[in-house]
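*Asks:* Take the sequence shown: its position 104, counting from 1, is numbered 982 in this note's numbering, and each next residue is one higher.
Some clues are possibly wrong.
[Claimed, not checked] Pairwise CB distance ranges (calculated):
id: 1; residue 1: Leu1017; residue 2: Lys932; range: 23 to 31 Å
id: 2; residue 1: Arg1021; residue 2: Gly994; range: 29 to 37 Å
id: 3; residue 1: Val943; residue 2: Arg1093; range: 32 to 40 Å
id: 4; residue 1: Thr1056; residue 2: Leu1013; range: 30 to 38 Å
id: 5; residue 1: Ala1079; residue 2: Phe1047; range: 46 to 54 Å
No lab work stands behind these hints, which were simulated from the structure alone. Glycine included, each C-beta is placed from N, C-alpha and C at the ideal position.
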Amino acid sequence: MPRLVILGAAAAAFVAAVLTALEPRDAGLTLLLAAAAVVVGGAAWLETGPSSAKEIAIIGTLGGVAAAGRVLFAAVPGVQPVTVIVIAAGVALGARAGFAVGAVAALASNFFLGQGPWTPWQMLAWGGCGVIGSLAAPLVRRRIPFAVLCFVLGFAFSVLMDLWEWYSFYPHTWAALTVQLGRGVAFDLAHAGGNFVLALAAGPELRRLLERTGRHLRTEVIWT
């Protein structure tokens, strides 16, 4: 069943993407549908992986901690710990867990900060950070490479959200895109810089903690 859901979500996302290309004036709705379809596919992907309640619990806990951190840092524009926690989860626990933690963090925190058409895209963007963290795991074992990845993905997250907002709600012109990207520079720098500082301070320690937790979750006790 999860595989059928994934295939259905992929088909829905493809159709929505085609409609976006054919009717760019209605991009806000079709992009929302595409993002929602991919999020549903990601949820089904999670169902194919975790095999214990403990694994689901650690994903939910990390997503909740990341969401709480985002809410607590809400007074400081752009600065929040979500990206660092999500990347650490991806590095330590794998792509599925990283994606799930990012999606849960975005959804949960927006119950306090405000839900809207941006929510599925934030879920995808932070989920993608977790997947990239998993793929880059062999390269970010040390503090500086880990912090650099968090810095780069902080910019990537912000730019993706800027592009989504521009294509969904503004004229599809270079001038409008330049204005959209330009007015977000300060926010993007705060996000990326905050990620770098937080990752330097606690990133490797968080990764090691999650790796130990992951090993415990995968340990099986067989009674004979």
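*Asks:* Hints first: check each against the structure and report whether it holds.
*Replies:* Checked hints:
1. Restraint check, Leu1017 to Lys932: a C-beta distance of roughly 29 Å satisfies the suggested window 23 to 31 Å.
2. About 36 Å separates the C-beta atoms of Arg1021 and Gly994, a value consistent with the hinted range of 29 to 37 Å.
3. For Val943 and Arg1093, the hinted distance range of 32 to 40 Å is not satisfied, since their beta carbons lie about 20 Å from each other.
4. At about 31 Å, the CB distance of Thr1056 to Leu1013 agrees with the hint of 30 to 38 Å.
5. Distance hint for Ala1079 and Phe1047: a CB-CB separation of about 36 Å, inconsistent with the stated range 46 to 54 Å.
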